[in-house]
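Going line by line, the protein sequences match chains A and B.
Under the numbering used here, the first residue of the first sequence carries the number 1, and numbering increases by one thereafter.
Under the numbering used here, the first residue of the second sequence carries the number 1, and numbering increases by one thereafter.
Mixed in with the good hints, there may be bad ones.
Unchecked claim - Here are the simulated DSS-like cross-link-like pairs (lysine-lysine), alpha carbons at most 25 Å apart as the crow flies:
| # | chain 1 | residue 1 | chain 2 | residue 2 |
| --- | --- | --- | --- | --- |
| 1 | B | K165 | B | K109 |
| 2 | B | K454 | B | K487 |
| 3 | A | K210 | B | K487 |
| 4 | B | K478 | A | K6 |
| 5 | A | K258 | B | K454 |
No lab work stands behind these hints: they were computed from the structure.
Chain by chain, the residues run as shown.
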Amino acid sequence: MKSVIKDQFLVSPFLVLFLIHGMQYGVGVLSFQRDIAKVAGHDAWISILITGILVHIIIWMMYSMLNKTKGDLITIHQQTFGKWIGNLLSLLFILYVLAESTTVLRSYIEIVQVWMFPLLKTWPFALVLLLSVYYVVSSGFRIVTGVCFLAVVLPSYLIFTYVVPIEFSTFRNLLPVFDHSILEMAQSIKGSILSFSGFEYLLFYYPFIKQPESSQKWAHFGNLVTTLLYLLIMIVTLAFFDQAYLQKVIWPTLMMWKIIELPFVERFEIIGVTSWAVVMLPIICLMFWSASRGIKEIFKLKQRSVLVFLLLLSFIVCCLLIDRETIQQYNTFVAEIGFYLLLGYIPFLFICCHIRFKMREKG
Amino acid sequence: MKMWFRKQPPEQQENNLVALINMYKQSGDFVHFHHPQSPQPYWVSYFGTLIDVEILHRDILPFLNKTAFTSLDGVKAALPFEDVLITSDLQKIQDDILQGSVLIQLDVKDATCLLVRAEMKKAREVTIPEEEYSVVGPKEAFVESITTNLNLVRKRLPISELKVKEFTIGTLSKTKVAVLYIDGITNEENVNTVCQRLSDLQFNQILDSSIIAQLIADNGHSLFPQLIDTERPDRVAGVLAEGSVVILAEGSSHALIGPISAMELFNAFEDYYVNWQTATALRLIRIFAVSFSILVTPIYVAVLTYHYQLIPKDLMVTLVSSRRNIPLPPILEAIILELTIELLREAGARLPSKVGQTIGIVGGIVIGTAAVDAGLTSNVLLIIIALAALASFTTPVYRMGNTIRLLRFPFLLLADLWGLLGIAVAFIFLIIHLLNLTSLGRPYLEPIYPPRLKDFKDSFIRFPFSFQSKRPGYLQTKDQIRFSKKKASEVHDIDE
Numbered sequence: 001m002k003s004v005i006k007d008q009f010l011v012s013p014f015l016v017l018f019l020i021h022g023m024q025y026g027v028g029v030l031s032f033q034r035d036i037a038k039v040a041g042h043d044a045w046i047s048i049l050i051t052g053i054l055v056h057i058i059i060w061m062m063y064s065m066l067n068k069t070k071g072d073l074i075t076i077h078q079q080t081f082g083k084w085i086g087n088l089l090s091l092l093f094i095l096y097v098l099a100e101s102t103t104v105l106r107s108y109i110e111i112v113q114v115w116m117f118p119l120l121k122t123w124p125f126a127l128v129l130l131l132s133v134y135y136v137v138s139s140g141f142r143i144v145t146g147v148c149f150l151a152v153v154l155p156s157y158l159i160f161t162y163v164v165p166i167e168f169s170t171f172r173n174l175l176p177v178f179d180h181s182i183l184e185m186a187q188s189i190k191g192s193i194l195s196f197s198g199f200e201y202l203l204f205y206y207p208f209i210k211q212p213e214s215s216q217k218w219a220h221f222g223n224l225v226t227t228l229l230y231l232l233i234m235i236v237t238l239a240f241f242d243q244a245y246l247q248k249v250i251w252p253t254l255m256m257w258k259i260i261e262l263p264f265v266e267r268f269e270i271i272g273v274t275s276w277a278v279v280m281l282p283i284i285c286l287m288f289w290s291a292s293r294g295i296k297e298i299f300k301l302k303q304r305s306v307l308v309f310l311l312l313l314s315f316i317v318c319c320l321l322i323d324r325e326t327i328q329q330y331n332t333f334v335a336e337i338g339f340y341l342l343l344g345y346i347p348f349l350f351i352c353c354h355i356r357f358k359m360r361e362k363g
Numbered sequence: 001m002k003m004w005f006r007k008q009p010p011e012q013q014e015n016n017l018v019a020l021i022n023m024y025k026q027s028g029d030f031v032h033f034h035h036p037q038s039p040q041p042y043w044v045s046y047f048g049t050l051i052d053v054e055i056l057h058r059d060i061l062p063f064l065n066k067t068a069f070t071s072l073d074g075v076k077a078a079l080p081f082e083d084v085l086i087t088s089d090l091q092k093i094q095d096d097i098l099q100g101s102v103l104i105q106l107d108v109k110d111a112t113c114l115l116v117r118a119e120m121k122k123a124r125e126v127t128i129p130e131e132e133y134s135v136v137g138p139k140e141a142f143v144e145s146i147t148t149n150l151n152l153v154r155k156r157l158p159i160s161e162l163k164v165k166e167f168t169i170g171t172l173s174k175t176k177v178a179v180l181y182i183d184g185i186t187n188e189e190n191v192n193t194v195c196q197r198l199s200d201l202q203f204n205q206i207l208d209s210s211i212i213a214q215l216i217a218d219n220g221h222s223l224f225p226q227l228i229d230t231e232r233p234d235r236v237a238g239v240l241a242e243g244s245v246v247i248l249a250e251g252s253s254h255a256l257i258g259p260i261s262a263m264e265l266f267n268a269f270e271d272y273y274v275n276w277q278t279a280t281a282l283r284l285i286r287i288f289a290v291s292f293s294i295l296v297t298p299i300y301v302a303v304l305t306y307h308y309q310l311i312p313k314d315l316m317v318t319l320v321s322s323r324r325n326i327p328l329p330p331i332l333e334a335i336i337l338e339l340t341i342e343l344l345r346e347a348g349a350r351l352p353s354k355v356g357q358t359i360g361i362v363g364g365i366v367i368g369t370a371a372v373d374a375g376l377t378s379n380v381l382l383i384i385i386a387l388a389a390l391a392s393f394t395t396p397v398y399r400m401g402n403t404i405r406l407l408r409f410p411f412l413l414l415a416d417l418w419g420l421l422g423i424a425v426a427f428i429f430l431i432i433h434l435l436n437l438t439s440l441g442r443p444y445l446e447p448i449y450p451p452r453l454k455d456f457k458d459s460f461i462r463f464p465f466s467f468q469s470k471r472p473g474y475l476q477t478k479d480q481i482r483f484s485k486k487k488a489s490e491v492h493d494i495d496e
């Protein structure tokens, strides 16, 4: 039933740190502040903290399911809901993954179009990026992980750029603390959970980890890094921008970069957007890897041909999303699904899975 | 119908020694003569151009003329050689004569004969390394004789564990190829990979080890060298002790080293002869030089075509004033100058060294200044391109220099297309390619990916020898320990 993955395709447990963190840290980082601050105001940083803890719990849930079944999402589904319903659910999940990958790709191209090349056509750039994705994914999971690792390590210099605006910040903006109701905080979590999304792909690549049980601490560690980094960015943003102004800024992180000035570089945001090409590449790669892997498992097809088909599909959808409005609608739609999937479906699956195992032990 | 395509059965050849000798006689340099006056008449045949005539006259003929032999065994006993062979195996006879053996028969019609090795061993003197010259350290370089080269290596590793496996490759060239490794240190998987690939080779002519390097590379379409070639015997001995596999070929003055990691392309062996601070600084400079060399012209093109906002005001003034009278867009300007530099380089490489120097000066000074004066290029770009060309020469591995030379062009074109973003795209493809590459099946980008912190001790940086107590991890050596770290790092108390 389960296909055993050869040793040479497995990755070390500690690389899960980069897989988790690299997937979370994506296009959302450039814009996540506004959505959270819309509801939580200057307490938005607390919302980040709470979400970080929530995500830790979800990661724990996923590990507890995965360790039991020793498989991936598809085997969990099959063992919990039976073959047919299980596969249908897996397929829906994969559909969400595909939709999300297109969101990431299109959002990045939009940023490029707004900040660097207003006249850039969507399709040639999407084509080249998807080609690079094909190159990565067709080389296998080890290379996907490698890209993930390098995409975390290489642009890590950007962390200094989040610190620079502190010089121009007023930290009084953060006061008074706990100024919002619990309901408002809960609502803001909806905005922030999306910037944390990306950890759910663990459900797909879990069987590719050497001694997967031992990788749990690294997964938590990866989420911790993300939480701390978001916390830093959030606090600096809140201190840097006036609340009323922040509501008008779509990409606060890029706005903050405008303040950076080096002896040989002005307008740092251009370098930031360029670096982001490297940051968001592994996200798309791992998404397509997961989707094609999942379909391969369900339908027993060749992963390479599935991948080509999925890339074409994504390319077409990408080209169809033309203006800001449509992109925004599409993004909101995918985000809505994502929220219920992460905070609703995974805990639900967790409960179902454990009930099923309990029943099986008794029966 | 079908039978027309079938090969005709070979005509029954006269598969005997007489026919063979008759065939050889068609060559002008084949000697076949009879000695009727000696106590026992005999026949001698050899290629006059392959054997050392002095050996024949001094060590073979006098013995044959002295006494009467009744059998070839008697001749074998009398001759002062260790590898005298009596055989009737035609294939063996054919090969041996062509490799410089003398064939002796007691009667011309005999099928059995005696073969004595008397090959001519002509090789260049061992000289100073030219490609990998270093100021400190030994100054011996490999020559074109595999025997001399093996001697140069064995001298440095006088241990019985140093094993040599020999192959003969090439249907026409019959090149002798030797695979060297240290038993007990080198991972056998690596040795087997090399041996397997060598024995699978289907090629007619191996004129140099670089041909082997191309034929057995993991990815034959990659720009990047996947085996390092070196002319330094000390480097070969050094990497053998680390656990690498080395390939030597007859007629080649370069040894091949594998498996390698990309970091080793930045290591000159001289790094081990200077103190670690200097070595580390030099390595960092080389890595900087390579990235500079690849990226600086594309960045110039990208910034001046699309992102002039990136440049601070003061710098902008300098750039604008240097480009004010230039009629060409930055990409054309850059490509013209890059091509000029490539022309100079290629012309310099093809011409005899004295003329080459003159070309360099003429090209560098005259063309450069004239191009700026004529308003074809800006002097800022001239400086940038000259520096980039200079920087590409800093790589200690010659082949890597060529790689950098070519890598620049896709970067340039993409920079013109999408500015900095184009450079990022090119960079992404480069990284994916490097991640995909392997050297003899071992990941190329190690220790960066798969990340191995321990291997950083001798990659970007070279830590002092006391830190190098373990062999590099990517070689997966059988014996990890080079020396006992505990003893080496024993700290003595004050005044003890």
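Cross-check of the supplied hints:
1. For the suggested pair K165(B) and K109(B), the alpha carbons sit about 37 Å apart, so the restraint of at most 25 Å is broken.
2. For the proposed pair K454(B) and K487(B), the alpha carbon gap of about 20 Å is at most 25 Å, so the pair holds.
3. The straight-line distance between the Cα atoms of K210(A) and K487(B) is roughly 35 Å, outside the 25 Å bound, and the hint therefore fails.
4. Distance restraint check for K478(B) and K6(A): the Cα-Cα separation of roughly 23 Å lies within the 25 Å cut-off, and the hinted pair is therefore satisfied.
5. With a C-alpha separation of about 39 Å, the suggested pairing of K258(A) with K454(B) is violated against the 25 Å cut-off.
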